[in-house]
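Q: Protein sequence lines, in the order shown, are assigned to chains A and B. Sequence positions in the first sequence follow my numbering and run 22 to 61. Sequence positions in the second sequence follow my numbering and run 33 to 226.
Note that these hints are calculated values from the structure, not bench results. Values in this document were obtained by computation on a predicted structure and should not be read as measured data. All C-beta atoms in this analysis are idealised placements derived from N, C-alpha and C, irrespective of residue type, glycine included. Incorrect hints may appear among the rest.
Have a look at the derived ranges for each label pair, beta carbon to beta carbon [said to hold, decoys possible]:
1) A:R46 x B:G82: 46 to 54 Å
2) A:R46 x B:V159: 55 to 63 Å
3) B:K74 x A:K41: 37 to 45 Å
4) B:A156 x A:R46: 41 to 49 Å
5) A:V33 x B:L72: 17 to 25 Å
6) B:P167 x A:K41: 33 to 41 Å
7) B:A176 x A:A40: 22 to 30 Å
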Amino acid sequence: MSFFLGLLLFVVVAGVMDAKLPWPRARPERPVLPRAEPPR
Amino acid sequence: MIAGHFGLAAGVKAREQAVPLWALMLATQWLDVIFVPLFLAKIETIEVIGGGAAGYGNGIIHADYTHSLFGAIVLSGLFGLLGGLRWGRRAAGILGAVAFSHWILDLVVHRHDLPIWPAAAPGAVRVGLGLWRWPLAAAAAELALVLWGGITYLRAAVAVARANDPTKIRRARMAGATVIGAGLLTLALGLAGM
Chain A
22 MSFFLGLLLF VVVAGVMDAK LPWPRARPER PVLPRAEPPR
Chain B
33 MIAGHFGLAA GVKAREQAVP LWALMLATQW LDVIFVPLFL AKIETIEVIG
83 GGAAGYGNGI IHADYTHSLF GAIVLSGLFG LLGGLRWGRR AAGILGAVAF
133 SHWILDLVVH RHDLPIWPAA APGAVRVGLG LWRWPLAAAA AELALVLWGG
183 ITYLRAAVAV ARANDPTKIR RARMAGATVI GAGLLTLALG LAGM
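Take these sequences, add in the hints, and give me the full structure.
A: Right, here's the structure in full:
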């Protein structure tokens, strides 16, 4: 019971509350592509 | 150990702030989450010591797939990989490490029931330092993790709110109080054998 209640409280309840705080956001790294040369 | 794992994840969130708390909390229990369906299918089991009612730390856990060293590494790597797809390489490492921390903390409390390889043969090497043999010491260690993680998280949440959006300081305090309260409640239920 403590396991399932813990999951509910920590993952769902605290997780939702935490998501509303202004933490920095993680973003997946994206490859930096070279800019296309403008047409001549 | 249930509450102690959550406490550790809360402490990690205070340091690795870009990783969502829910993902860290899920990571820290990932091995047990996979254990549940295997337990229901009777592939992995819990043997109560003395054959009486289940109580705090009085079980021998036969979880050769989810809680073997090899299984823990594979499952943690998988969780990190999934997190990495969503939040990037750094988050992948953090989530994988938090998932694997479950095995490390279990190593401290379990009674010599964690195998190295899945489906270990009888007589194969099993590890576990057995802190559960001293329930008060195990409970004190869990309480320390819950308080450390909860208070560290609370401080970090309030600091982040103060710096970035002071209107959310109250919300940060509530989130911190929820983490601490949930940790204490989970620990109390665990100590009651529930």
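Q: All the hints need checking, so say for each whether the structure fits it.
A: Right, here's what the structure says about each hint:
The hint said 46 to 54 Å for the Cβ distance between R46 of chain A and G82 of chain B, and at roughly 50 Å that hint holds. Roughly 39 Å separates the CB atoms of R46 of chain A and V159 of chain B, a value that falls outside the hinted 55 to 63 Å. Between K74 of chain B and K41 of chain A the Cβ separation comes to about 41 Å, which falls inside the hinted range of 37 to 45 Å. About 45 Å separates the C-beta atoms of A156 of chain B and R46 of chain A, a value consistent with the hinted range of 41 to 49 Å.
Checking the proposed 17 to 25 Å range against V33 of chain A and L72 of chain B shows it holds: the Cβ atoms sit about 21 Å from each other. Distance hint check for P167 of chain B and K41 of chain A: the Cβ-Cβ separation is about 38 Å, which falls inside the suggested range of 33 to 41 Å. Evaluation of the 22 to 30 Å hint for A176 of chain B and A40 of chain A yields a pass: the beta carbon distance comes to about 27 Å.
Of the numbered hints stated above, the single one contradicted by the structure is hint 2.
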